[in-house]
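J.: Just so you know, the protein sequences line up as chains A, B, C, D and E, in that order. Here my numbering is used: the first residue of the first sequence is 7, the next is one more, and so on. Here my numbering is used: the first residue of the second sequence is 7, the next is one more, and so on. Here my numbering is used: the first residue of the third sequence is 7, the next is one more, and so on. Here my numbering is used: the first residue of the fourth sequence is 7, the next is one more, and so on. Here my numbering is used: the first residue of the fifth sequence is 7, the next is one more, and so on.
Please keep in mind that the hints were generated in silico from the structure rather than gathered at the bench. Incorrect hints may appear among the rest.
No farther apart than 30 Å at their CA atoms in a straight line, the calculated lysine-lysine pairs in the DSBU-like style are these [what the hints assert, rightly or not]:
id, chain 1, residue 1, chain 2, residue 2
1, D, K199, E, K120
2, D, K156, C, K17
3, D, K17, E, K120
4, A, K46, B, K156
Some chain A residues judged to face chain B by a derived CB distance under 7 Å, without partners named [said to hold, decoys possible]:
id, residue
5, R59
6, T64
7, V66
8, I67
9, S68
10, A69
11, P102
12, P104
13, G186
Please read all numbers here as calculations on a predicted model, not as lab measurements. Glycine included, each C-beta is placed from N, C-alpha and C at the ideal position.
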Amino acid sequence: MDDDIKIIERKEINVHGAVLIEGFPSIGMVSSIVANYLIKALNMEYVGSIRSRHFQPTAVISAGVPMPPVRIYVGQPVEKKGSICERLVVVTSEFPPPAELMQPLASHLLDWTKQKGIITIISIEGVINASQNPEEHSTYAIASSPAARKLLENRKITPLQNGIITGISGVLLHESELSGQDVICLLSDANPKIPDARAAARMIELLDGFLPKIKLDPAPLIKEAERLEEQLRQAMVQSLAMNVPGQKEQPQVMYG
Amino acid sequence: MDDDIKIIERKEINVHGAVLIEGFPSIGMVSSIVANYLIKALNMEYVGSIRSRHFQPTAVISAGVPMPPVRIYVGQPVEKKGSICERLVVVTSEFPPPAELMQPLASHLLDWTKQKGIITIISIEGVINASQNPEEHSTYAIASSPAARKLLENRKITPLQNGIITGISGVLLHESELSGQDVICLLSDANPKIPDARAAARMIELLDGFLPKIKLDPAPLIKEAERLEEQLRQAMVQSLAMNVPGQKEQPQVMYG
Amino acid sequence: MDDDIKIIERKEINVHGAVLIEGFPSIGMVSSIVANYLIKALNMEYVGSIRSRHFQPTAVISAGVPMPPVRIYVGQPVEKKGSICERLVVVTSEFPPPAELMQPLASHLLDWTKQKGIITIISIEGVINASQNPEEHSTYAIASSPAARKLLENRKITPLQNGIITGISGVLLHESELSGQDVICLLSDANPKIPDARAAARMIELLDGFLPKIKLDPAPLIKEAERLEEQLRQAMVQSLAMNVPGQKEQPQVMYG
Amino acid sequence: MDDDIKIIERKEINVHGAVLIEGFPSIGMVSSIVANYLIKALNMEYVGSIRSRHFQPTAVISAGVPMPPVRIYVGQPVEKKGSICERLVVVTSEFPPPAELMQPLASHLLDWTKQKGIITIISIEGVINASQNPEEHSTYAIASSPAARKLLENRKITPLQNGIITGISGVLLHESELSGQDVICLLSDANPKIPDARAAARMIELLDGFLPKIKLDPAPLIKEAERLEEQLRQAMVQSLAMNVPGQKEQPQVMYG
Amino acid sequence: MDDDIKIIERKEINVHGAVLIEGFPSIGMVSSIVANYLIKALNMEYVGSIRSRHFQPTAVISAGVPMPPVRIYVGQPVEKKGSICERLVVVTSEFPPPAELMQPLASHLLDWTKQKGIITIISIEGVINASQNPEEHSTYAIASSPAARKLLENRKITPLQNGIITGISGVLLHESELSGQDVICLLSDANPKIPDARAAARMIELLDGFLPKIKLDPAPLIKEAERLEEQLRQAMVQSLAMNVPGQKEQPQVMYG
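Based on the provided sequences and hints, a complete structural model is requested.
T.: Have a look at this one:
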């Protein structure tokens with residue numbers, strides 16, 4: 007199997023010095039929900055995609071625009087709804103890539119971020135709640151490099167010492183540890199059976215500390231997220247969750 | 007897996023300025039039924055095929071002519087049975103291609119349409135009825151470009167804002183969004199368990215607005231379609247639905 | 007998967023102007039039984055084979071000679087047992103090739119027949135009985151070209167107008183329709199659960215009309231065929247149906 | 007899948023004029039038991055191996071030496087325990103190769119035997135007992151060439167006339183029939199559910215006639231074989247049948 | 007499938023004259039537990055990795071550092087906790103490689119050890135207990151070469167004479183037997199259903215004899231190992247066994 011991976015820029019992407027959020031699907035859809043929250047809340051622009059014939063043959067329609075399953079968004083430093091957005095890049099997908107594509111996909115992504123001058127990658131993951139008490143929730147963090155560990159230290163976050171991280175996040179972590187790039191993986195425990203919007207809200211709280219110029223507010227999101235939860239679940243069942251504006255009862259979805 | 011896709015023209019195909027209808031199998035066989043209705047009603051000519059060793063090894067016999075599973079038809083601007091046919095191209099198949107072939111197949115098709123000067127692609131899809139009420143039916147549309155969105159606007163069709171479109175249609179939509187080609191995807195809800203002729207009739211009504219020089223009449227089709235429904239179902243079971251002219255009770259099938 | 011198909015001639019094969027019978031496995035083993043009947047009845051010579059590592063790794067032993075699973079036989083125009091044999095080529099196998107090999111196999115076969123000057127290919131197929139009445143049997147025919155259709159017409163056979171033909175026969179039909187070569191596919195309904203010798207006898211009656219210089223007699227075959235039926239079934243179960251001459255009760259099998 | 011087959015000679019193998027016994031796994035493990043009997047009884051030397059990444063990743067330990075799963079042994083013409091050993095080559099394995107490797111494996115083996123000047127290949131096979139009476143046992147033989155058939159004739163063995171031989175033996179038979187090399191396939195019926203030592207003893211009796219300078223005695227083997235039967239069965243279950251010399255009750259296994 | 011295997015050195019690895027311990031997963035996780043015991047007890051340094059897109063896409067986090075699934079560690083000859091560590095290399099993984107990668111993986115490893123001047127490879131394996139008495143435990147050893155057999159002899163270990171060794175150890179044994187490199191495989195029987203810490207302790211006792219400058223003490227390990235047993239089992243279930251220092255009840259794990 008050749009990987010057939012190509013990163014396509016819709017136009018010149020100027021993101022020198024930016025932070026990239028990696029949001030491939032994870033347990034409880036935490037990463038997808040967080041990525042979509044950021045895209046909407048910060049009014050990020052769809053600037054590119056990652057393509058491979060081995061990805062899901064699917065278009066994701068958002069605001070009437072058909073887009074491929076793996077997309078790149080950039081947030082410009084504009085003031086909007088009371089928040090200042092620093093230069094932020096989000097890579098996200100609704101569909102997990104095949105296991106054998108994860109290593110080449112992570113390599114392509116790290117090469118691209120290096121070439122673009124992106125300084126830090128934050129990889130979002132969900133993990134199954136390991137606690138005895140289902141009401142007790144935790145978030146964790148891992149860093150790939152001394153500089154990335156410093157970022158955790160400055161935020162009084164103690165990195166995870168021992169464990170196993172699977173998927174794109176795992177490959178990004180060990181590949182960047184080798185190449186010396188700065189990757190932080192943030193994990194929130196989540197319910198693996200549903201899109202877990204509450205876990206996403208906990209992640210946004212955690213993420214808020216890393217994006218000083220942006221004010222991320224999990225409070226309204228919690229409510230919004232609950233509806234998303236329902237919507238995404240239907241999307242899985244029907245392969246088509248739809249929303250035609252102009253029809254009555256058309257909801258104001260944040261998720262695209 | 008190499009895709010091994012080749013577009014074969016049986017003779018010089020001159021379709022500059024034409025509209026192409028993509029009718030690969032969809033939920034409820036909506037696209038296949040619509041494609042076959044157009045081919046028969048407009049007396050379209052079989053002018054080419056798309057071949058790959060990964061497609062179903064099968065011949066489709068129509069009017070005694072054996073044809074490969076993925077075919078290209080062209081309608082000439084002739085007057086017939088009271089209708090004027092503008093230059094129309096139909097690509098159709100009775101068999102869905104393997105998932106890993108969908109991206110290269112869509113790319114080949116878009117390249118070919120560009121090279122041939124085809125101006126708009128209309129992709130036909132069926133979707134599962136999302137309504138609570140099974141008697142309530144809907145059709146939807148998505149456009150890949152401002153020009154294609156204009157075509158919807160002119161027909162007072164509000165495009166789908168958010169959702170997920172799988173298969174060839176999905177890949178055509180996002181690939182054309184990138185290349186700037188004009189693709190419209192029309193969707194009708196349909197019964198996924200049978201060839202849904204009524205859904206096809208609703209699609210023909212919708213399609214009628216896009217083909218001004220052609221008068222498409224769904225009324226007689228509804229009756230015809232019901233019989234097709236039965237016939238196609240038998241074709242699936244037996245891999246051979248047959249119809250020898252000269253034998254008594256030989257039906258006047260429209261589906262070829 | 008590379009196809010790895012090679013046509014091997016055991017010696018110079020001179021079959022200019024011949025008819026080729028294609029007998030790859032079909033429903034009810036109709037094509038295999040017919041091919042073997044012809045080989046024995048007309049005392050055809052084993053002259054070549056088609057090889058691929060993707061074919062069944064098997065030797066078929068006939069008259070003490072081990073042969074590969076896909077074989078080519080040629081009948082010389084000699085008088086034998088009261089019948090005149092025109093130049094006839096039979097390609098047959100006891101094992102169906104993998105689905106992905108069918109298109110390249112058909113292409114190799116058509117290229118080879120063209121290069122050898124073979125004028126007509128007759129492809130033998132079995133189909134499931136579509137009639138309500140299990141006692142009612144039918145045979146059908148399809149032609150790939152005007153010249154081939156003429157052959158049907160001359161024999162007062164009305165070709166099948168609409169339907170679906172799967173497998174090698176299907177690919178041969180649509181590939182030859184494109185290349186302009188003459189392929190006729192003859193179909194007999196058959197019982198898909200057993201080697202259906204009676205269906206083979208009906209096919210031989212049909213085939214008789216196409217081979218004027220040969221007198222094919224289905225009558226004795228029906229009896230013989232019934233025994234073959236039993237033998238082939240055992241061959242499937244045991245992967246070795248054997249017949250050592252010199253031992254008592256050694257049967258006079260026609261099938262080799 | 008590339009075959010990745012390499013024949014590795016541990017040292018210069020001089021086997022001009024030798025007979026090669028092919029003992030890949032067969033029904034009832036007949037070929038493996040026979041090959042191992044020959045190796046031990048004739049004190050044959052381990053001289054080479056056939057390697058492919060697609061073979062079982064395994065070492066077979068014999069007399070403390072780790073060896074790959076497909077091995078080549080040579081017997082020198084020395085007098086030992088009352089028997090004279092003519093130059094004999096044995097190729098054997100405990101594991102069947104994947105089906106798609108059988109054709110290239112047979113081709114490599116035939117090329118190698120030709121290049122080495124080996125004159126005859128004897129391929130050992132087990133077949134399921136086709137007799138009604140389970141107490142009645144048979145052996146069979148097939149030859150690929152007139153010279154090989156002469157060898158059967160001289161030993162008053164009537165070759166199998168019709169049947170199907172699967173696996174390496176089948177491919178060796180038809181490939182050598184084409185290339186003109188001399189292959190004899192010897193078959194003994196066997197119990198497919200266990201390593202059938204008694205079937206192996208019958209095979210050794212048959213083989214004895216082909217190796218005039220060697221006196222093969224099935225009598226002691228029958229007893230030995232019964233124990234092997236038990237041992238091999240355990241090897242399958244545990245992936246490790248072991249035998250540490252120096253420990254009490256260490257058996258004198260012939261199988262290595 | 008290309009193997010895509012690369013050995014990556016994080017820095018100049020100088021291990022001339024060293025012993026390499028191969029600890030890929032085995033029955034009862036014996037090799038993984040032993041490898042991790044050595045790494046921690048001897049304070050070994052993480053110096054390299056083996057990468058392939060076909061390995062598990064995963065990061066193993068140890069002491070806060072994300073590492074790929076197949077890792078290389080080197081122990082420097084320093085005095086620590088009362089033990090002198092001779093130059094030792096450990097290659098280990100928590101995940102077994104795909105079967106088709108085992109042959110190329112072993113080849114890469116043997117080439118690398120040769121190039122690096124490593125003198126002996128000790129491969130650690132677990133085997134299912136073949137004894138009737140579950141309380142009776144055994145260890146075994148196999149050597150690939152006369153020099154390696156000498157190492158066993160000097161330690162009064164009688165090598166396994168006959169048997170089958172599967173996996174990386176098997177391939178290492180027969181490949182090194184051919185190339186003349188010195189490989190010793192040590193086996194301990196183990197419980198295949200759990201990470202068997204007691205079997206690992208027996209292995210460490212056996213290993214102690216081969217590493218004269220190191221004092222390996224199985225006694226404390228047995229206790230530690232029991233806890234590991236629990237931990238590893240959870241890691242399998244959850245894909246994330248975690249351990250954040252600073253939180254209360256944070257255990258002093260040796261396993262990283």
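J.: Are the hints correct? Go through all of them and say.
T.: Outcome of the hint check:
1. K199(D) to K120(E): violated, 44 Å
2. K156(D) to K17(C): It holds: about 23 Å lies between the C-alpha atoms, which stays within 30 Å.
3. K17(D) to K120(E): Holds, because 21 Å separates the two Cα atoms, which is no more than 30 Å.
4. K46(A) to K156(B): This hinted pair holds, its Cα atoms lying about 25 Å apart.
5. R59: holds, 4 Å
6. T64: holds, 4 Å
7. V66: holds, 6 Å
8. I67: Holds, about 5 Å.
9. S68: For S68(A), the interface hint holds, since the closest Cβ of chain B sits about 6 Å away, which is under 7 Å.
10. A69: Given a least distance of 6 Å, the restraint on A69(A) holds.
11. P102: violated, 15 Å
12. P104: Check failed: Cβ of P104(A) comes no nearer than 10 Å to chain B, outside 7 Å.
13. G186: Check failed: Cβ of G186(A) comes no nearer than 33 Å to chain B, outside 7 Å.
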